[in-house]
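Protein chains: 2
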Amino acid sequence: MINYPSLSPVESLSKQTRGRSVVNLASGSPDPSMIPLREIHGAYTQVISEYGRLAFSYPGAGGLEELKAQIKAWCKAIGVPAGGSKVVVTSGAQHAITLLAVAVAANRSYAHEDPTFPETLNSFRLLGKTPVQIPIDHRGAQLEILEQAFSKGKKFSAFYTIPVCHNPAGVNMSTDRRSHLAQLSVDHGFTCVEDDPYRPICPEPGEPIFSHSPKSVAYVGSFSKAVAPGLRIGFVLTANHRLANLVERLEQLDFSTSTINQLVLSRLLRSGAVSKSLEPLRSHYHMKLKAATDELVDNGLELVFKPAGGLFLLADLGVNAVKLLPKALRRGVAYVPALGFYARGRRKASGYARLSIGPASCDEIATGIRLIKKAILDDS
Amino acid sequence: MINYPSLSPVESLSKQTRGRSVVNLASGSPDPSMIPLREIHGAYTQVISEYGRLAFSYPGAGGLEELKAQIKAWCKAIGVPAGGSKVVVTSGAQHAITLLAVAVAANRSYAHEDPTFPETLNSFRLLGKTPVQIPIDHRGAQLEILEQAFSKGKKFSAFYTIPVCHNPAGVNMSTDRRSHLAQLSVDHGFTCVEDDPYRPICPEPGEPIFSHSPKSVAYVGSFSKAVAPGLRIGFVLTANHRLANLVERLEQLDFSTSTINQLVLSRLLRSGAVSKSLEPLRSHYHMKLKAATDELVDNGLELVFKPAGGLFLLADLGVNAVKLLPKALRRGVAYVPALGFYARGRRKASGYARLSIGPASCDEIATGIRLIKKAILDDS
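Chains as they are written, first to last, in the numbering used here: chain A, 1165 to 1544; chain B, 1165 to 1544.
Calculated from the structure, these hints are not laboratory results.
Small disclaimer: the values here were computed from a predicted structure and weren't measured.
Yeah, the Cβ is synthetic: ideal placement off N, Cα and C, and Gly gets one too.
Hints are not guaranteed to be accurate.
For each label pair, taking beta carbons as the anchor points, the in silico distance ranges come out as [what the hints assert, rightly or not]:
| id | chain 1 | residue 1 | chain 2 | residue 2 | range |
| --- | --- | --- | --- | --- | --- |
| 1 | B | Ser1170 | A | Val1350 | 26 to 36 Å |
| 2 | B | Leu1218 | A | Leu1541 | 33 to 43 Å |
| 3 | A | Leu1541 | B | Asn1409 | 33 to 43 Å |
| 4 | B | Asn1409 | A | Val1486 | 19 to 29 Å |
Next comes chain A alone, as it looks inside the complex (with noise of 0.2 Å):
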């Protein structure tokens, strides 16, 4: 049984406004003035200088060797514990979860939070079977209904989870869940598959669940909010050698990380340029964050969750999110709305929508959530 994707919520609104002049509050892309261009394009040319045509080879299957050394040095640099574990580098996070989905949740079952991000569900969904949506609060997935769910004889193959800054919630989940999932991974015997593309970027991502069981943890990283999207660039790192060599092998279907790609990583890597962004980025991002929130406040739109970081707001929009969007477009405002990232609990979710504060500037972002406001009031 194959679940073929449709095209996501966020593509499939990115394909609408493709060429329309609209305040962006809904993708999910980091801020371009945050790309490093200068110090990309430095690395490229020095890249192309020094390997000349071995840069443009064939990858090899799960990464250069160089990349996966300063990958563990990132890794301690964001505070995630690398020593003993392995790297599998792959085009992207999203390419990481694919291949991890395949790996782990091939024909059994899987358990996510609710709401979670539905490209990489997609993931889980084209070959898992009998999904268990575990619902989340202020302080991430609720555990006790996982419990629940293995007390009443249920099992999952692995448990998707977006811990920091959490896609559309924006909530980090609690120190004390985070050790108590890693220990109910263990017992329970499944794979933890920790998606953490957001942790440059928060500004107290706290110890990643890895870190309290890196073999029955899968830890996803992703270059896209720290240096670009467009490199392409993510990778798996777990203790569990087996899972890592299956990812790897599986890599080899795809050969998909470019190599010039990951020489430039790991030159801007080494040089230090990217740890030294870390607090930069932060400090941006929460400036950016706050500017939306003061705006929501401003216009009466509540936040169903208060963000921790990173890039989104979940916002309750008090009337139906979908059939507002074409007003909203109109008005010239983009979002997403967020019934599609929803499992259950849909009547509720009507109302919401996911607010991106990646592509906008701090005034685009409050012009766009005043133009929202607007749209909402034509509507009444």
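Let chain A serve as the given structure and place chain B on it in line with the hints.
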């Protein structure tokens, strides 16, 4: 039922020989000296200057429109009529084949040539079932055996073929078989997956199967031989829009084709640099293939098939090629035993070696073949 891939014989050998100084007749990489380094470097500089940070944003599913337009023009230059068909950009041809295999062969039967390239076959094996092997001769796949299978009531969802400069056999499928295969795909309702990476370096590639039936054929193209494998860009071309859309949605699970590399390739194609290199590329590889053929004759080693071009020759070493390999490596030459490329006739194939003319120079090819001969003599 998931058939997880093992490490391919080519990857496995590449791991064994990493860092060792041996004549490389194993790797399927193109000749590094033919990578247009200056033009590629120029294109990176131009693209970064023109697009700035946009060059490093998310690529969006299925490829950039401007690259898709350039790929259609490129198809015309290599004799593939793309009008009316849809292009989906992928991160390399291997990735394209993986997405196609998920789209057309998951939980279904498929057919393939025997021998064939195990790395691409692994993509069909992953989710497909009941493979049917169609032996090849010097004119490609023996379609009468495909027809016999149909007459026995067998059904396939897909037929995977490398009709030009076959890997590992080196042969071209004959013109009459190409049109016949296209007709069979219409009559029996299967998708012909036409893997055509060597067309840009083949002296006389002929018309693709795709040209006879663009709706029942998914044509897979690669830029690894005409530009560079390290960019990781390939594509699917088909007039079956339902299939193209499905592949695009599956690509959304990976999002793996680097934005900057797409823009760089688009620029290189638009400049005419790539089409201008077609003739020099074809002469260059023809010369190397002749050097290899002559040296095999001089050393009394037989070809299993006369190659029509491309990177590979299938040689009969007259001894067990798997057992000989460690001795050949000690002598200083690497090749890939062809046994791993065969499903049937494995007793006969145990003496065969796939020799690649990609990375080695003409002198190195001659040296390598002499070293293989010495290893055989050591052995006897």
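These are the hints, each one checked on the structure:
1. B:Ser1170 x A:Val1350: 26 to 36 Å: 29 Å, holds
2. B:Leu1218 x A:Leu1541: 33 to 43 Å: Holds, at about 34 Å.
3. A:Leu1541 x B:Asn1409: 33 to 43 Å: 38 Å, holds
4. B:Asn1409 x A:Val1486: 19 to 29 Å: 23 Å, holds
Going down the numbered hints, you'll see the structure goes against none, and every one checks out.
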